[in-house]
Structure formats: C-alpha cells, structure tokens
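Q: Single-letter residue listing:
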Amino acid sequence: MESILTAALNAALGLGASFAEVRFVEERSESYEIKNGRPARAANGVSAGLGVRVLVRGCWGFASAGSIQKAGEGEKLAAFAVKIAGASGRVPAAKSVVLGPGGNPGHSRYRTPFKEDPFAVGVDEKLGLLEAAERRLQGPELSVTQAFLSVFGKRTLFANTEGVSFEQEITECGAGIAATAVRGGDIQVRSYPNSFRGNFATAGFEYVRAMDLAGNAERVAAEARQLLDAPLCPSGRRDIVLDGGQLALQIHESIGHPIELDRVFGTEAAYAGTSFLTPEKCGTFRYGSEHVNVVADATEPGGLGTFGFDDEGTPGRRVDVIRDGVFVGYISDRESAARLGLPSSGAARADGWSRIPLVRMTNINLLPGTWKLDDLLADTEGGLFLATNRSWSIDDRRLNFQFGTEAAWEICGGKLGKMYRNPSYTGMTPEFWASCDGICSREFWRMWGTPNCGKGQPGQTAHVGHGAAPARFRNVSVGVLK
Amino acid sequence: MMGREKVFSILRRALRALEKAGAEAGHVRFYGLSGNLTRFADNHIHQNVAEKDARLLLTAIKGYRLGAAGTNRLDRDGVGQAAEKAAAITGMAAEDPEFPGLADPAEAQSAAEVPGACDPRTAALSPGARAKLVASATRYAAERHAIASGKVASGAVETGVANSLGVLQYASASTFSAACTAMIQGAAGSEEWSAGLVARLDASLAAFGKEAVDTALAGCRPRREEPGEWTVILAPRAVSTLIGFLVYLGFDSTAHLENRSFLAGRMGTKVASEKVTIVDDGLSSDASPLPFDLDGVPRRPLTLIERGVAKELPHSLRTAKKAGAKSTGHSFGPQAGGVIPMHVLMAPGDATLEEMVASTKRGLLVNRFWYTNVAEPSRAVITGMTRDGLFLVEKGRLKGPVCNMRFTESITDALSKVEMVGSELKRLGDDWSTGAIRVPALKLSSFRFTGVTEF
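Taken in sequence, the protein lines are chains A and B.
Here the first sequence is numbered in our numbering, starting from 74 and rising by one per residue.
Here the second sequence is numbered in our numbering, starting from 559 and rising by one per residue.
In case anyone wonders, no lab produced these hints; they're calculated from the structure.
One thing to keep in mind: the hints can contain errors.
Said to hold, decoys possible - Chain B is faced by these chain A residues, among others (derived, beta-carbon under 10 Å):
| id | residue |
| --- | --- |
| 1 | Asn-83 |
| 2 | Gly-258 |
| 3 | Phe-474 |
| 4 | Gly-477 |
Backbone N, C-alpha and C fix where the C-beta goes; we use that ideal spot for every residue, glycine too.
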C-alpha cells in the first residue's frame, strides 16, 4: 500500500499540484443490540479506501475510491483530484489557500493503548454480556428494553508531499442500556451510562466490562417507570446542577462547535452554520465565569477525540480554549490557523477515506473544580438536578440553545428529592456559562464520548470526547414545555 | 455505474459465498455510489470532492439465527471473508423469534425501474459544470456585496437486493441538489433545489443564488418581536421540517408495535386539518424513487394522511408478521429497526404565497427551520430555530425582517391549524441517496415561539 500512496503523491506533483496528501483508511466495526429479549442486531463491517487531496494553483481538489488494491489506482485518483482542483480554480478566492506548518517530516506511529483487544473478544461473550443486562431491565410497563455494544477500529496510512507520513490505529468501544416505559400516551426513557446507545471511549474491552451494565439495569428500569408518575418539570428560573453526561453535550454544542475556526471563517455558513466567536474576541471575550476552564486535548486518555496525529499529520496536542472564563483559543487545521498566523491546533479530522479533513473537535474538556457532588447539592437548596440528555437544539451561530433531559430531581435538604418528567432548560451561550459557579472535582470528572457529531457536505460523522464533572448554573430558565 | 447485470453477478456470488460458509439461507444487499460535490463559501469554491464506492451487506441465516457482515471488498476473497463472518455470528447468536423469513419471489417479483429515474446527464455532471453553476451564484452575490455559500452535488446510486429463495432486484437513480446561503450585514437568506434529473431545474438554476441574495438583502436590520403564539406562513422548506418529523415520529410501524409512537392507537382518527393529505410513493419520479425495499419487496404507494385522517402504516416483512399485515415494501433490511416512509409527497392546495400574505393581519413568514429536535415524543413536540429569513407580516403586507426565534410546538397542534395550502410544490432531498420529500407552503393560524435571538 505504501507504494500506491507514494505513486499517487508523485502523480499529483507531476500533474501540477503544489501540495498533495493521501490517506488509506481501513475501518472495522461491530454492532450488537439485544431488544426485548431477542437479538435485534449482530453485525460487523469493513470498509477500506484511498483519498487524495491536492492543491493546484491555490485551489483544492479531492478524489476517493473504495477498495483500492492495484497499482495505478492511486495515480488515477490523483489525476482526478487535480482535474477537480482545476475546476475549483474557475471560482477562485481572492487569496490562494496557504497552509501553516504541519507535522515534522519523517514516519511516525500511534496506536490506541488498551488492555484487551475488543475485536478479539468472542461474539458469544459480547452477546452474553448484553443479554444478562437486558434481562434485568425487563418488567411491567416497559415497552422496550435494550442493550447495545459497539466496537470500532480505524487504521490510517498517511503521507504528504512535505515528507510527513504516519500509521495510526485507533480502537474504540462502548455500550449502554435503555428502558422505555409507556402508559396512557406518555413515553419515558431512562438510559445508562448515557442516552443514545451508551458511552464510548478509545479503549479496550476492559472499558465495557467496567460499566457494570447488569448492575445498573434494575435502577434504570425503575426510574423509567417512576417517570410515568412524576409531575411535569416546573417552569420558571431555577438554579440547576447538570450531570456529567448532559454537561458533555452542553459543552459540545455551546463551546465545541463555536470554537471551530473554519466555521468562524464561514466555510459551514450554508450548512452547519457560523459562529458568534469572531476573531477579535480571542483573548478578550468573557465566555463564562472564572470557574470555567476549557481545553481541547487530543492527548487525554480514553477520549473519543484522542489520537496521535490528525488527518493532516499534525501531532495530537492540548490547547487552551477558555482560561478563567476568558476565550483564548480556537481549534483549527493548517488552512484556517494560517489565516490568523497560528499553527494548527491539530484538529483536522476526516470521516474515513472518502472525506476530506475538516476542523473537528478532539476532546473538549471542562476542567474539574473543587466541589464534592454532595456538597454542591447541599449548597443548592430548591434547585434542580438534571440528568442524561434527551434532546438538543441550538441556533446557527451557537447562541440560543434548548436542551431536554431524561429526568430531573428537586434538590431538597441537600439531597435529591421529587422526580420530574420532561425537564428542559434554555438560554444564551455566554450568559449560561457566566452563571456557572461550581464544578465538581476530579473525583467526579470523566470522559464522555459523542460518536455522532455531524458536519460538512457530504456529511461527516466525527467521534469526539468531552471531559466533564457535574456543575451548577444559577438562575436558568427551565420547564419550557407546557 | 456498474449496471444491472454486473450487480446481479456480484449478488449471486455473495449468495454462493454464504452457502459455502454454511448458511442455510442468505440475503444480500448491494449499494453503489458515484458522488460529486462542489462546495463554496465566501464567494469561492473551497471544497470539491468525488467518491466512488460499492459495498455489500451479507446476512447469513440459520433457522431463526441471523448474522450480518458488510464489506466494500467485492473480490472473491473479500466477499468470502464477509460471508464467513456473517455465518460465524449465526453460530453464537440466540434465536430471533420475530424473524419473518425471507421475501418470497412469488410475492417479490423483480420491480421495474421507474422511467427516467437515472439520467445520464445528471449522473455525469462534470466538475466544470458544477463550477459554472457556482460562479453564477457567487457573481450575483458579489455584485450586491453579499457573501454566497452553498453546494452543488450530483451523482448516481445503484441498489440491489437478492436472497437465496430467488429474489433479485436492481434499481439505479441519479441525484442532483444545489443550495445557496447568502449573507450581508449579518442577515441571511437561502435557497435549495433537488431533483433526480438536473434538467427539471434548468429554469430555476438559471437564477441560482438570486433568491438567497434577495432574501438576505431584505433581511438586513431586523427588529425584535416577542415570542408567543403567532400566525405563521411557512415556506416549503419550513414545512418540510414539520412533515419530516411527523412522518418520523408518527408513521414508524415498529414504534406503533412497541406502543411508543404518538400516533399509536390513533390510526383512522383525525390528526391534522382536513387540508392535509400526505402520501408515500417510492415509485414516483418526483421522490428519487427506489421501487423495492431492502427486504426485496416491491414498494406500494401509501396514503399516510387523507384529509387530516391518519390512514396507512408502512410495513416491512418483520413488522407485517407482527401486525398480521402484508409488507408494503418499506424495510431497511432484515435486521433494521425502524420502518419509515422515505418518499413523502404532500398534496398541494390552491393558494399562492402572495395570497397567504395578503390574507394575514399580523403574522410571521418563516423561510426555514434549523437544528430541530424532538422535545417531547409523546405529544410530537419539536423545538428548533428560524434561519435565513424571518419576516413580519402586517395588514396583508410584508413589513420587514424580524430577529430569529425559537419555536417549541406540537406538530399535530400545528397541523390542526392549517388555514391555507400552497399551490406550488418544493422537492427536497439528501445528497447521493434515494428518497425525498415534496411539500407546499402552509399558513397556520397559530404557532408557538418560545425564545428570540438578537440577530
């Protein structure tokens, strides 16, 4: 395969490209689901292919094809990419594309560290683990009980015309359970450890074993039933404490996306939207309270955005995003960073062989504070504790958001009291983060995996991570649903 | 494009591989794609991509045990390895008592391709032709000091299904879509076009970008209005959000069988204004057709809502067996969960957009909704933002732009308040896939907004 990559690069240069990069990507996946006592899904898949991206007279072209095996196919793709770049030049920008510094020339390797290869664990063991958990979910009024498990592997061979090359093997896995309770037209869901098929990490199968799905199943089932009898979440302004899973999505939507520098420059204006976080705000804009410290960290162990190299060959790194509440840095690729005279933050990520790298989140982590959860709840009399995302929506500049969670509890006498159904809250991004006055400590902090982050046309799905611990926000508008 | 005979040959080879791997029965799905997409932003082309791929999903069956494996390696070794993996799962998975068996060739005869579904000109649209379209939009925008962004996408998809009982299906379709968003002084406007045959859009594309730029120009310096209950005129793209979620939440037969659809137990009852009629037609050339489903069963057109009454549900072999019904040809495959209409056509009315505006004392004209999500599934409550054009209507006239608002509303509540239905239909579809939605504009007497922005 290395020879095909080299031939493609040489062909691109020979046809007039000033820069070229090639990625051979081989993806493996396994997906299992037990639903209502039966195997609803047991499947695996492989997809491999080659993508060639070129710059010709300052304009981009990209061509890709699946199942490349023969010599000569890389050159054909390179020629097509050059032709496409030529067409891009018919509607050129005022300034040609300039790339900032990338990785160091030479060959590097990276492999996700893990103890137990999740692909080596038998299908029967995986299904057995799910069956045991799903059995303990079943009970009255539960219309649907589900247990999920997924394994994902991605091997990338990368090379560019600047002499940078790497081989990278990423391994991910995750699992979860969910119970859907139905009565009289009401539908309530509880999940563990997170909604939408569970939680995910770059890790081995030890990550799934440690989840103790079966040990949490009876609680999840009971809470789903309890929600049917719970009163509707009250409306008004309340102090709220968000659990880590919900806070992860809050970070994702209201920090992770607006800090994407390509979006700031309008490259997603027609689709994913733009950002309120215009360049003059960097270094001065108060994003949140002094408690809010956020980093983009591709080196955090276990995150879905953890890797050795991004898809431009830039080494994974940690950069500050918000320091003591002040916005200090974007996530970027070589092209967008160069427009600000900065090096790439190492956030150019592509969804497989058939997609170009875009600026994508790595692990966007809200750093832990100092509170113990019990102390934070005891200090929030009359507030609400909201757990597990159910719904999300935010405007195209990433300001006006509304979230729903699976459940909420009144905070009463320092403890969780009455449960509420259909909780929701809404706000504006900077005001919301300014209202943060307490974040739990490292003891309560964990990585949350979001394996379904969408962006780009044609559509790309990124696997990204968010470190979060429960945190408190003051005077938030809750109970939007009437 | 591989063509019918080559796809059939690949499908047959995959079935033989499953048999060799020890499967008692087999089901194979083929998906082929040749896709091209030119993206522009800030009045220039910034991304320009092409993709070619073909992949198989093999399902091995032993009694009531199923295992599936996908691959895009279509050579003998690649297909053989996938078959081995699929068959190996059947040795370890528990029985699936709800598996309905494979489609019977007597009931799943080869479906004829929809005439004109695959247009060679559309499938082969060159990068240069796409750039020419982009240039017309960016030129129009630049002349008016606006910034244009968007995409022009074209391609062709091939779908094949075969099973070991003898079912053999093939269809191809070309796809084209173009979209433009224009921004000026913080205001935005947008337009979107989609068709299986680009020739159908030649007239519209001659002015590609004009609607977006003109809307943006009209949207400068918006005023803030308070959220609350408003009369609304929804342009077709805003309507497509409501109807898309209505179909997703209300017409998934799996959700009905699990009693978790808001329309469970309400089929045959009135769920919308009598002005609302919606069908699903996978054979319509207006809906990027696929004449069979991924079980291999020919599609049957369905009436989803007739004059406001919920009428028919789609079925796969799996849901049909459970419901005691017949498959309508709406499966996504033997192990797929949801069964959802994908070729959704809403019937037109007789009103023009101008007549809707003229008949409105005070209301809002909504061009498009954005980032909509389900807030409460049991009442089909969805929430989202307006985008790319929100205008105040007073005393029958457009008065000016309004800051974007958040809505939180039940779809059925909204559709029960339809006062007027547009006579013009707009088709919208995804890039490089079959399935589409075609809707008119609507005027609703009341719609609930719950928040507002400063832009």
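Q: Run every hint past the structure and note whether it holds.
A: Now for the hints, and whether the structure bears them out:
Given hint, Asn-83 of chain A at the interface with chain B, is violated; its Cβ is 20 Å from that chain's nearest Cβ, farther than 10 Å. A hinted interface residue such as Gly-258 of chain A counts as satisfied when its beta carbon comes closer than 10 Å to some beta carbon of chain B; here the least separation is about 6 Å, so the hint holds. About 9 Å separates the beta-carbon of Phe-474 of chain A from the nearest beta-carbon of chain B, less than 10 Å, and the hint is met. A cut of 10 Å between beta carbons decides the hint on Gly-477 of chain A: the least distance to chain B is about 5 Å, and the hint holds.
The structure fails to meet hint 1 from the earlier list, while all remaining hints are met.
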